[in-house]
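Trainee: Dock chain to chain to rebuild the complex, using the hints, since each chain is given by itself in its own frame.
Taken in order, these protein sequences are the chains called D and V. Following our numbering, the numbering of the first sequence begins with 1 at its first residue and continues without gaps. Following our numbering, the numbering of the second sequence begins with 1001 at its first residue and continues without gaps.
If you are wondering where the hints come from, they were derived from the structure by calculation, not from laboratory data. Treat the hints with care, since some could be wrong.
These stretches of chain V come out as covered by chain D in the derived footprint (C-beta under 8 Å, 3 or more residues) [said to hold, decoys possible]: (1) 1037 to 1048; (2) 1056 to 1070.
The calculated PhoX-like cross-link candidates involving lysine-lysine, where the alpha carbons are at most 25 Å apart (straight line), are [as the list claims (entries may be wrong)]: (3) D/Lys464 with D/Lys373; (4) D/Lys373 with D/Lys469; (5) D/Lys373 with D/Lys319; (6) D/Lys61 with V/Lys1016; (7) V/Lys1016 with D/Lys478; (8) D/Lys478 with D/Lys464.
Glycine is no exception: its CB is placed at the ideal position from the N, C-alpha and C atoms.
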Amino acid sequence: MSRAGFRERVGRAAGALARLGLGRGDVIVIAQADGLEGVFAFWGALQLGAVPSMLPPLTEKLDPATYRASMDLLVRHSQAQLLLTTTDQAPELARAVSCPVHSLDVLADGPAHEGRADPGPDDVAFLQHSSGTTGLQKGVALSHRAVLNQLASYADALALEDRDVVVSWLPLYHDMGLIAGFLMPLVQGLPLVLLSPFDWVRSPGLLLRAITSHAGTLCWLPNFAYSHMARRVRERDLEGASLASVRAFVNCSEPVRAASQQAFLERFGTIGARPEQLAACYAMAENVFAVTQTPPGRPPRLHDGHVSCGVPIPGVEVKIGPGGEIQLRSDCMLSGYHRRPELDAAAFDDGWYRTGDLGFLADGELYVIGRQKDLIINGGKNLHPHDLEAVVNGVPGVHPGRAVVFGVADEAEGTELIAVVAETDAAGDEASRAIVAAVRQAFVGQVGVAASYVHLVPPGWLVKTSSGKIARDANRRKWLAERE
Amino acid sequence: MDPAAVRETLRAFIAKTLIRDAAYPLGDAEPIITAGLIDSFSLAELAVFVERQWGVDIPDPELTVERMNTLDQIVARVLAG
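Chain V extracted, bound-state conformation (with noise of 0.2 Å):
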């Protein structure tokens, strides 16, 4: 996989499904769950999304604020596979 096209599919993902608004201006280290930009509920659909797009299984228990609260976590954990 590589980092910079993943990162940048997950930016794109997250800002049009998950906030709805295509155009917003994701940083690598804004938090997205604190921050209110999405509920606890993309976390789920993250999950599949990561699944149907890189066949990376993320475990239920990993599905946490604490670890996928930002992008770099994210991607950092799709990268790890």
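Excised from the complex, chain D in its bound form (with noise of 0.2 Å):
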């Protein structure tokens, strides 16, 4: 697709959300996973000043119900005007929320608006939501001083070239996506292949065609894809590919694990694959995308096992704070958490952002051990413990409140596995068996992810601290000791 076509389809997008009565300043939230339109929808609302947010759509998995509600709530958390969709969803969307709900066909319709409008440095430009299960996520408000500073910024520190070509199958509900894989190749003007993630995770090999027809030179990747693709690209979707084109493979989002790259590696050594091209990043959505980057063409550097992040970018400063959590300070930083100040005071410490993670600075660069929070990154995907517990709590059989998930680091699939160890009085195998069908069936249905472990316990069994709270780390030290 040409820029000029780009432009005019934008154009019409914006026509209809003008025509639907939206404006400066309206939140729209869009939520599907691939096509263009929500490409469009987006621009088209940047266009008209409205402050769009991209959002995961139902899939077969979820459970609809729960999908909906969840969309309910935070349609109204976020006072959103309008929800876009795909046409098979729309109607029932209509009936579960709040503000009026339209087919992404529409936006094709009618003539293209003009104007632009004008907006301030500081005005909100969209949010992100991207951590979290859908109804509670926070939504992360951007300005467009923080995400042109950012953009400016990281395209300093990839060093990007004319040449340069994005080849991404990232979702763009996902800031890695969103920001990386969409909005800096279009803004920096460089030609952009979008894969959808839907098509990808059945099919990974898919990527290194898209790579090898377009001569891709950038793609970023969370950890578990390094994995992924070792494993499981087909064999004959290595004849006639060639990685030799790529200057970076960026491993961004989960902690960046040395045996995932050295698997990528080996896989595809024989058809362009090199250490020169793992790249690594550190990034939140809370400062737009990212923290620190390794430079490119640098093979990975390592420090006591841990595999270097990079440097800070330009405009961001990174320190190690107390109890070695790491904290920043940066010109591209949240406006704020759109419509919960309750949690912006909380996020800052003395003017410095608190991540949570933990790290340490060695000659400049950054390296992640582990998070102070039980935060559990299962696939990319941010998922906090005490979400996935209320899921687990509300499945009949379970005691309620006496359940605890967590995360258990994978070495061959590259990412965080879910562990959910429940107290029950259930007696025999088969109900048991039905419990912890109920557990999976609800995981997947209400959060879109798989229980990897589901483990039963008698009541008395999950350990206590002297408070009377259930104690995740010391359970799953438990869990993992009894495993043995």
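Mentor: Now the structure itself:
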């Protein structure tokens, strides 16, 4: 698609949105995974000075009623003025949420909007919802100034070249997909090749074909993707494929593991994968995206077995705070959490944003070694154990409040798998099996993830703190010890 | 291919490798993906396994939840060659 063609479609999307009464400052939720209509809607909203936000669509695994209820919650919390989604999902969502709902198809009709809003640098450009389960997600509000600062700094850190071509399978409702795999190439004038995330998950070889056909040079991947590709690309997908054009595979959004990168090199070395392509980045939606980045073209640097995430990008300062917490300050920080002012104060310590991640600096480079909070990162998705425990507690047969959910690092998968330990009185194999099945069903239906390990235990098994709270880490260690 | 052998080989592979519980009593018509026993990534792994084991190439567009949600469906697809 040419730039002129793109502008024309964006103009028409803006025209359709304006005719629906949308304008400056209105929050527009776009729930779609693939297809260009959502892309036009996003830019059309920006053209009007409205505030778009990308959210995941309903999938075949999610329970439709739960999904709709969480979208209703999100629309009410964010005071969205419009929800745009696919044609087949629009009617049901319209009955479930409190704002108008339209199919993205309506954006293709009618004349283009000619004018362009002239937002101030501190006006909010868009919201990123990329952590937690849908209805409870925090909306990270990002100003035009923050976004443009990030895009300029990140371009410098990557030493972008005219010949660069970005290839991405990442969903646009994830910060890495939205910023690195979507906004940056378009704003910096680089060609962009977008794949459907759902297609890539089932057919990881598609990424090789896209890189080969378009001479891709930059590609962002969460760590699990290196393992997924190394293990599950089919042999026939290597025929005629070449990764020689790639300057950097940027590993970002979950802990970088040397073993996953090594497996990737071993599998794809014959088609042009090489160590100097293995870049890494530390990023978060609250900083728009990148905090640090390794220089492209340099093989991974290791320190005590940890992989370097590189140096702070221009405009960002990083320090290690109390307890080893990574803290940062930058010219691309969030404006605040959308309509959640109570969260803003807790996020900062004397002007420094508290990441909750643990790490150290060596020779000016950042190494991320763990987390203060019990966050689970499963396949690049940030999940809060508290939300997942609420899901388990709702399953009949589980003692309410007597369940713990934690992540278990899995070397082969290159990510954290989800483990559930729950207390129950259920006697007998059949009753236990039914509860385990109900827990798994609840996870996939309500959160869209698989619980890899579900372990039922008798009352009194779970370790509690002196104040009577369930201690996640102690229970994680107890469960791991029992497995061995 | 012996249908019974294919079925038992697949049952064992899915339980041990994909569900991570070799003792899991997987039923023939039990939903695997929509019940949250395995995730979508496992479909790609299943395709690689079937190709290595029996030389059957299941094209990417067929690797969907609707077509691959039960052992019965997967066995039928492998036997179709």
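Trainee: Are 3 or more residues of the segment 1056 to 1070 of chain V near chain D, judged by a Cβ distance of less than 8 Å?
Mentor: Since three or more residues must qualify, the claim that chain D covers the segment 1056 to 1070 of chain V holds, with 6 doing so at under 8 Å.
Trainee: With a cut-off of 25 Å on the C-alpha distance, tell me whether D/Lys373 and D/Lys319 pass.
Mentor: holds, 18 Å
Trainee: Do the alpha carbons of V/Lys1016 and D/Lys478 lie within 25 Å of each other, as the hint requires?
Mentor: This hinted pair holds, its Cα atoms lying about 23 Å apart.
Trainee: Decide if the proposed pair is consistent with the structure: D/Lys478 and D/Lys464, CA atoms, cutoff 25 Å inclusive.
Mentor: Given that 25 Å is the threshold and the Cα spacing comes to 12 Å, the pair holds.
Trainee: Check the hint pairing D/Lys61 with V/Lys1016 against an upper bound of 25 Å on the C-alpha distance.
Mentor: Answer holds: D/Lys61 to V/Lys1016 is near 22 Å, not above 25 Å.
Trainee: Need the status of pair D/Lys373, D/Lys469: alpha-carbon distance at most 25 Å?
Mentor: With Cα atoms ~15 Å apart, D/Lys373 and D/Lys469 stay inside 25 Å; holds.
Trainee: Just to be careful, I want the Cα atoms of D/Lys464 and D/Lys373 compared with a cutoff of 25 Å; is the pair within it?
Mentor: Holds, at about 18 Å.
Trainee: Quick check: the segment 1037 to 1048 of chain V, covered by chain D? Criterion 3+ residues, Cβ under 8 Å.
Mentor: holds (count 10)
Every hint from the earlier list agrees with this structure, and none is contradicted.
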